[in-house]
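Colleague: The chain contents come next:
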Amino acid sequence: MKIPTLKYQSQAVAKLYFVAALCLFTGQILFGLTLGLQYVIGDLFFPAIPFNIARMVHTNLLIIWLLFGFMGAAYFMVPEESETELWSPLFAKILFWVFLAAAVATILGYLLVPYASLAKWTGNDFLATMGREFLEQPLPTKLGIVVVCLGFLFNLTMTVLKGRKTAISLVLMMGLWGLAIMFLFSFVNPDNLVRDKMYWWFVVHLWVEGTWELIMASLLAFVLIKTTGVDREVIDKWMYMIVAFALISGILGTGHHFYFIGLPGYWHWVGGVFSALEPIPFFMMTLFAFNMVQRRRREHPNQAAVLWAVGTSVIGFLGAGVWGFIHTLSSVNYYTHGSQVTAAHGHLAFYGAYVLVVLAIISYAMPLIRGREANPMRAQRAEMWSFWIMSIGMAVMVLALSGAGILQVWLQRMPTSGAMGFMATQDQLSFFYWVRIAGGVMFLTGLITYLSSFFIGPAADEQEVAAIPGSRLQRA
Amino acid sequence: MSQGFTSQTARNIFYGGTMFFVLVFAALIFNSETKIPARSKAQEITPAVVRGKHLWESRNCIGCHTLMGEGAYFAPELGNVYERRGPDFIKGWIKAMPTHAPGRRQMPQFNFSEQQLDDLVEFLRWTNGIDDEKWPPNIEG
Numbered sequence: 001m002k003i004p005t006l007k008y009q010s011q012a013v014a015k016l017y018f019v020a021a022l023c024l025f026t027g028q029i030l031f032g033l034t035l036g037l038q039y040v041i042g043d044l045f046f047p048a049i050p051f052n053i054a055r056m057v058h059t060n061l062l063i064i065w066l067l068f069g070f071m072g073a074a075y076f077m078v079p080e081e082s083e084t085e086l087w088s089p090l091f092a093k094i095l096f097w098v099f100l101a102a103a104v105a106t107i108l109g110y111l112l113v114p115y116a117s118l119a120k121w122t123g124n125d126f127l128a129t130m131g132r133e134f135l136e137q138p139l140p141t142k143l144g145i146v147v148v149c150l151g152f153l154f155n156l157t158m159t160v161l162k163g164r165k166t167a168i169s170l171v172l173m174m175g176l177w178g179l180a181i182m183f184l185f186s187f188v189n190p191d192n193l194v195r196d197k198m199y200w201w202f203v204v205h206l207w208v209e210g211t212w213e214l215i216m217a218s219l220l221a222f223v224l225i226k227t228t229g230v231d232r233e234v235i236d237k238w239m240y241m242i243v244a245f246a247l248i249s250g251i252l253g254t255g256h257h258f259y260f261i262g263l264p265g266y267w268h269w270v271g272g273v274f275s276a277l278e279p280i281p282f283f284m285m286t287l288f289a290f291n292m293v294q295r296r297r298r299e300h301p302n303q304a305a306v307l308w309a310v311g312t313s314v315i316g317f318l319g320a321g322v323w324g325f326i327h328t329l330s331s332v333n334y335y336t337h338g339s340q341v342t343a344a345h346g347h348l349a350f351y352g353a354y355v356l357v358v359l360a361i362i363s364y365a366m367p368l369i370r371g372r373e374a375n376p377m378r379a380q381r382a383e384m385w386s387f388w389i390m391s392i393g394m395a396v397m398v399l400a401l402s403g404a405g406i407l408q409v410w411l412q413r414m415p416t417s418g419a420m421g422f423m424a425t426q427d428q429l430s431f432f433y434w435v436r437i438a439g440g441v442m443f444l445t446g447l448i449t450y451l452s453s454f455f456i457g458p459a460a461d462e463q464e465v466a467a468i469p470g471s472r473l474q475r476a
Numbered sequence: 001m002s003q004g005f006t007s008q009t010a011r012n013i014f015y016g017g018t019m020f021f022v023l024v025f026a027a028l029i030f031n032s033e034t035k036i037p038a039r040s041k042a043q044e045i046t047p048a049v050v051r052g053k054h055l056w057e058s059r060n061c062i063g064c065h066t067l068m069g070e071g072a073y074f075a076p077e078l079g080n081v082y083e084r085r086g087p088d089f090i091k092g093w094i095k096a097m098p099t100h101a102p103g104r105r106q107m108p109q110f111n112f113s114e115q116q117l118d119d120l121v122e123f124l125r126w127t128n129g130i131d132d133e134k135w136p137p138n139i140e141g
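Chains as they are written, first to last, in the UniProt record's numbering: chain C, 1 to 476; chain D, 1 to 141.
There could be a bad hint or two in this list.
Label pairs and their computed distance ranges (CB to CB) [said to hold, decoys possible]:
id	chain 1	residue 1	chain 2	residue 2	range
1	C	W388	D	E44	47 to 57 Å
2	C	E85	D	T46	54 to 64 Å
3	C	I448	D	M97	35 to 45 Å
A few chain D residues that don't get close to chain C, going by computed Cβ distances all over 10 Å [as the list claims (entries may be wrong)]:
id	residue
4	K35
5	R59
6	G86
7	D88
8	F89
9	I90
10	W93
11	Q115
12	L117
13	D132
Calculated cross-link-like contacts (lysine-lysine; reagent style DSSO-like; alpha-carbon spacing at most 30 Å) [what the hints assert, rightly or not]:
id	chain 1	residue 1	chain 2	residue 2
14	D	K134	C	K120
15	C	K120	D	K95
16	C	K165	C	K2
17	C	K7	C	K120
18	C	K15	C	K162
19	C	K93	C	K2
It should be emphasised that the hints constitute simulated quantities derived from the structure, not laboratory data.
These figures come from a predicted structure and were not determined experimentally.
Glycine included, C-beta positions come from ideal geometry on N, C-alpha and C.
Please construct the entire structure, taking both the sequences and the accompanying hints into account.
Modeller: The following block contains the structure:
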C-alpha cells in the first residue's frame with residue numbers, strides 16, 4: 001500500500017524503530033520510578049530487584065531506546081535528503097528485529113539471572129568488558145551492537161552514495177559513524193583501573209558530548225528545514241557552526257572527567273577551559289531554533305513538532321550547558337564529583353538534548369508515515385500538553401536533585417573535620433528524594449499523555465489534515 | 001553572520017577545528033599514558049588486584065557504589081574505603097550482608113570465599129593508593 005505523504009516509501013521502516021523506542025522509553029521510566037523509591041524505601045523489591053539491577057535496566061534502556069530513535073530518524077531522513085529509496089529496506093527490517101531481540105534478551109538477562117552468572121555464561125572470563133557503568137552488557141550483546149551498527153551504517157552509506165549529498169546527511173552520517181567507532185572502546189578494559197577509566201570515557205563522553213551532538217544537530221536542522229521552510233544555505237551554516245563548536249569544545253572537554261581518577265594534573269586546566277566552552281554550541285542551538293522559527297516562510301500544520309524542536313534546544317542548553325557548567329571547573333567539581341549534583345545534570349542533559357530531539361523527529365515523521373500531513377488538532381494538543389507535563393516533571397526532579405546535591409556537599413564533603421558519613425547524609429536528604437519522586441510521577445503522567453496522543457482522532461467537526469495527494473509538493 | 005560567511009566556510013571550520021583538536025587530544029592521551037604507571041603505582045598491580053577488579057566488575061558493584069567518584073550514588077564511595085574502614089571491617093561487612101533492617105538500603109550477599117574477599121580487599125587497597133589529586137576532600141568520601 002502506497003503512503004501518499006511519504007516522498008520515498010522506504011522511509012516507512014522508521015516506524016518500527018520509533019514504536020520500539022517509545023516502548024523501551026516507557027520501561028526506562030518505570031524502572032526510574034523504582035530507583036527513586038528505593039532511595040527512600042531502601043529495601044523495596046529486595047532481593048528480587050536490587051538497586052544495581054534496576055539502575056542497569058534504567059540506563060541501558062535509555063541508551064538502547066535513544067539508539068533506536070537515532071536509527072529510525074536516520075532511516076527516515078536519509079532517503080529524503082538523498083532523494084532516493086533506501087538501499088535495502090528489507091535489511092533495515094531484519095536488523096531491527098535482531099537488535100530488538102538482543103535488547104530484550106539482555107534486559108531479561110539482567111532481571112532473571114544473577115549478574116555474576118550472566119558474566120560467566122557469556123564469556124566475560126574470556127574477554128572482560130562487563131560491570132562498568134553503562135557498559136554492563138554481556139559480550140554477545142556488545143558484539144551484536146557492533147554488527148547491527150555496521151549493517152545499519154552500510155545500508156545508509158550506500159543510500160547516501162547513490163543519491164544527493166546534503167550537509168544534513170553528511171553530518172548525520174559522521175555522527176553515526178563516530179558513535180559506532182567510539183563504541184569499540186567498550187572492548188578495552190585494561191587491568192589498571194586508571195587506564196580502564198580513561199578509555200571508558202572515550203565511549204561515554206565522546207558519545208554524549210561529541211558524536212551524539214552531531215546527530216542531534218542534524219536531526220534538529222532537518223525538522224527545522226521541514227517545518228519552517230527556511231533556506232538550506234542558512235540552516236547548513238548554522239548546523240556546521242554548531243557542530244564545529246561542539247567538537248572544538250567537547251573533544252578536549254573530555255578532560256573534565258579526568259580530574260580525580262588518577263590522571264595528570266594538567267587535565268584540570270585543559271578540561272576546565274574547554275568544558276567551560278561546551279555550553280556555546282547548545283546556546284547556538286537555542287538561537288538557531290528561535291531564529292529559524294521567526295524567519296519561517298510558512299505555517300506548517302504540525303505545530304507539535306516545532307514545539308519539540310524548540311524545546312530540545314532550550315532544555316538541552318539548560319541541562320547540558322548550564323547544569324553542566326555549574327560543576328565543570330575542577331575547583332567546584334572537587335566537592336560535587338559523584339554527588340547528586342551529577343545526577344541532576346545527567347537527567348536534565350539527557351532529557352533536553354537527546355530525549356526531546358528524538359521525540360521531535362518522531363513527532364514530525366510519524367504522522368507522515370501514518371499517511372497524514374500532521375496529526376489532528378486534538379492529538380497535537382495532547383502532545384503539546386505532554387511536552388509541558390514531562391518538562392515540568394523533569395524540572396521538579398532536577399531541582400530536587402540539585403538541592404539534595406548541595407546539601408550533600410555541605411554535610412559530607414565540605415567539613416574538614418567531623419564530616420557526616422555517607423548514609424547519615426542520605427537520611428538528611430530524604431525530603432529532596434520524595435520531591436524527586438513527585439517529579440518522576442509527573443513525568444510518567446506526561447509520558448502517558450504523550451503515548452495517548454497517538455490514539456486520538458480528529459474532533460467531529462475537524463477535517464483531517466489528511467492524505468491530500470500532491471500536498472507534499474509544497475514541502476521544502 | 002555576514003555575506004562572505006558561507007556554509008562552506010562554516011564547514012571548513014568544522015573539519016579543520018575537529019582535526020586539530022583530535023590531534024591535540026591524542027597527544028595528551030599519549031602523554032597521560034606515560035604518566036599512568038607512576039601515578040597508579042602500576043608495579044603493585046598483583047594477580048590478586050587483577051582478580052579483585054574482576055570480582056568488582058562481575059558483581060556490578062558500580063551499580064550502587066562510586067569508585068573515585070564514578071558510578072551510582074546509592075551507596076558509599078569505595079576509592080578510599082580501605083583507609084576509612086580497614087581490611088577486616090570490609091570483609092566482615094561483605095559477609096554480614098544483607099542486614100534486612102526494615103526500610104534500609106540492602107546490599108546483596110555474594111557468598112565470596114576467603115580468597116575472593118582477600119582479592120577484593122587487595123583491589124581496594126591498591127585503588128586507595130592511586131594519586132587522584134587528593135580526592136575525596138575528606139575521609140567520608
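Colleague: Each of the hints needs a verdict: does it hold here or not?
Modeller: These are the hints, each one checked on the structure:
Distance hint check for C/W388 and D/E44: the Cβ-Cβ separation is about 55 Å, which falls inside the suggested range of 47 to 57 Å. In this structure, C/E85 and D/T46 meet the distance hint of 54 to 64 Å, their C-beta atoms being roughly 59 Å apart. Checked against the hint of 35 to 45 Å, the pair C/I448 and D/M97 passes, with Cβ atoms roughly 37 Å apart. Non-interface call for D/K35 relative to chain C: violated, since the shortest CB-CB distance, roughly 5 Å, does not exceed 10 Å.
The beta carbon of D/R59 is not kept farther than 10 Å from every beta carbon of chain C, the shortest such distance being approximately 6 Å. Look at D/G86: its CB is around 15 Å from the nearest CB on chain C, clear of 10 Å, so calling it non-interface holds up. For D/D88, the requirement that its beta carbon stay farther than 10 Å from each beta carbon of chain C is met, with the minimum near 19 Å. Every CB of chain C is more than 10 Å from the CB of D/F89 (nearest about 13 Å), matching its label as outside the interface.
At the 10 Å boundary, the C-beta of D/I90 stays outside the reach of chain C, the nearest C-beta of that chain being 15 Å off. The claim that D/W93 is not at the interface with chain C holds, since no C-beta of that chain comes within 10 Å of its own (minimum 12 Å). No beta-carbon of chain C comes within 10 Å of the beta-carbon of D/Q115; the shortest separation is about 15 Å. Remark: the non-interface label on D/L117 is consistent with the geometry, its nearest Cβ contact in chain C lying 15 Å away (cut-off 10 Å).
Not every C-beta of chain C lies more than 10 Å from that of D/D132, the closest at about 5 Å, which undercuts listing it as non-interface. The straight-line distance between the Cα atoms of D/K134 and C/K120 is roughly 36 Å, outside the 30 Å bound, and the hint therefore fails. Restraint check for C/K120 and D/K95: satisfied, since their Cα atoms lie roughly 22 Å apart, inside the 30 Å limit. Only pairs whose Cα atoms come within 30 Å are accepted, and C/K165 paired with C/K2 is accepted, the gap being roughly 26 Å.
Annotation: proposed proximity of C/K7 to C/K120 is violated, straight-line Cα distance about 49 Å (limit 30 Å). Of the supplied pair hints, the one linking C/K15 and C/K162 holds, its CA atoms being roughly 23 Å apart against a limit of 30 Å. Restraint check: the Cα-Cα separation between C/K93 and C/K2 comes to about 18 Å, which is no more than 30 Å; the hinted pair holds.
Hint compliance for this structure: hints 4, 5, 13, 14 and 17 are not met, and every other hint is.
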